[in-house]
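Each residue of the sequence shown is one higher than the last, beginning at -10 in this note's numbering.
Heads up, some of the hints might be wrong.
Computed cross-link-like contacts, DSS-like style, restricted to lysine-lysine with a CA-CA straight-line distance of at most 30 Å [said to hold, decoys possible]:
{"no.": "1", "residue 1": "Lys(-6)", "residue 2": "Lys14"}
{"no.": "2", "residue 1": "Lys232", "residue 2": "Lys244"}
{"no.": "3", "residue 1": "Lys244", "residue 2": "Lys(-6)"}
{"no.": "4", "residue 1": "Lys203", "residue 2": "Lys246"}
{"no.": "5", "residue 1": "Lys246", "residue 2": "Lys232"}
{"no.": "6", "residue 1": "Lys84", "residue 2": "Lys(-6)"}
{"no.": "7", "residue 1": "Lys244", "residue 2": "Lys203"}
Rather than coming from a laboratory, the hints here were simulated on the basis of the structure. What you are looking at is a predicted structure, and each value in this text was computed from that prediction instead of being measured.
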Amino acid sequence: MIQPKQFLWRLDGKVGVLTLNRPEKKNPLTFGAYAELRDLFLHLPKAGDVRALVITGAGGNFCSGGDVHEIIGPLTRMQMPQLLEFTRMTGDVVKAMRACPQPIVAAVEGVCAGAGAMLALFADLRYGKPDARTAFLFTRVGLAGADMGACAMLPRVIGQGRAAELLYTGRAMSAEEGLAWGFFNRLADPVLPVAMEVAHVLATGPSFAHGVTKRMLHQEWNAGLDEAIEMEAQAQAICMQSKDFRRAFEAFAAKRKPEFQGD
């Protein structure tokens, strides 16, 4: 694995733990952090020792978004080619999150705003602390709510009308709203142990098949129902050729728990 400088990375068994680690500023992102996040997620398809990933923040907050002085200030002085290079790089981060086969679990507490909210949104599962406040606050700095795929992804998670309100106003979504609207899978205090427990369950599961599930969830967005059913028929037939599928049958026949190996 790469050794990032902008955040903390460790392995807990087969679970990778990524901790955004600038607690004194509520863990904002810098240009370097975006690049390192992109590179980490791009590397994950080759990381056989990582079967699930948890994203969290240090110091009681998840992420406050792009650093005002280190990102927003410099952006006001850039020309269009530089601006487009930056916005495409931020999009590459969430595209790489979707493309990596490992399930990504977000443990969200405190401030979760801007680009931080996008990292949570593009996780596969989200668990929140009751104090979590999630804000897609791009409009607060004079930008569109259309950032890093927000207009495509947020309506799919919480619905068109709710997403439109948050993206137009930039107001914070409370943890209770997030749970009721389907943004959070569960609320817990503390939240990180719950996210870790879920990630470990996923990491001990059939990781090849989990990767197929993730890919199908992504690819079937733009598919018609008949096409989606055929896509899933082919995907499941591929999984049925895996050794994990045979291991599961043999374990069931022997009345024991299967030990999946990811092949």
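Hints versus structure:
1. Of the supplied pair hints, the one linking Lys(-6) and Lys14 holds, its CA atoms being roughly 17 Å apart against a limit of 30 Å.
2. For the hint pairing Lys232 with Lys244, the CA-to-CA distance comes to about 18 Å; that is within 30 Å, so the pair holds.
3. At roughly 47 Å between alpha-carbon atoms, Lys244 and Lys(-6) are farther apart than 30 Å, so this suggested pair is violated.
4. For the proposed pair Lys203 and Lys246, the alpha carbon gap of about 24 Å is at most 30 Å, so the pair holds.
5. With a CA separation close to 15 Å, the supplied pair Lys246 and Lys232 stays within the 30 Å bound.
6. For the given pair, Lys84 sits about 21 Å from Lys(-6) by alpha-carbon distance, which is consistent with the 30 Å threshold.
7. The straight-line distance between the Cα atoms of Lys244 and Lys203 is roughly 29 Å, inside the 30 Å bound, and the hint therefore holds.
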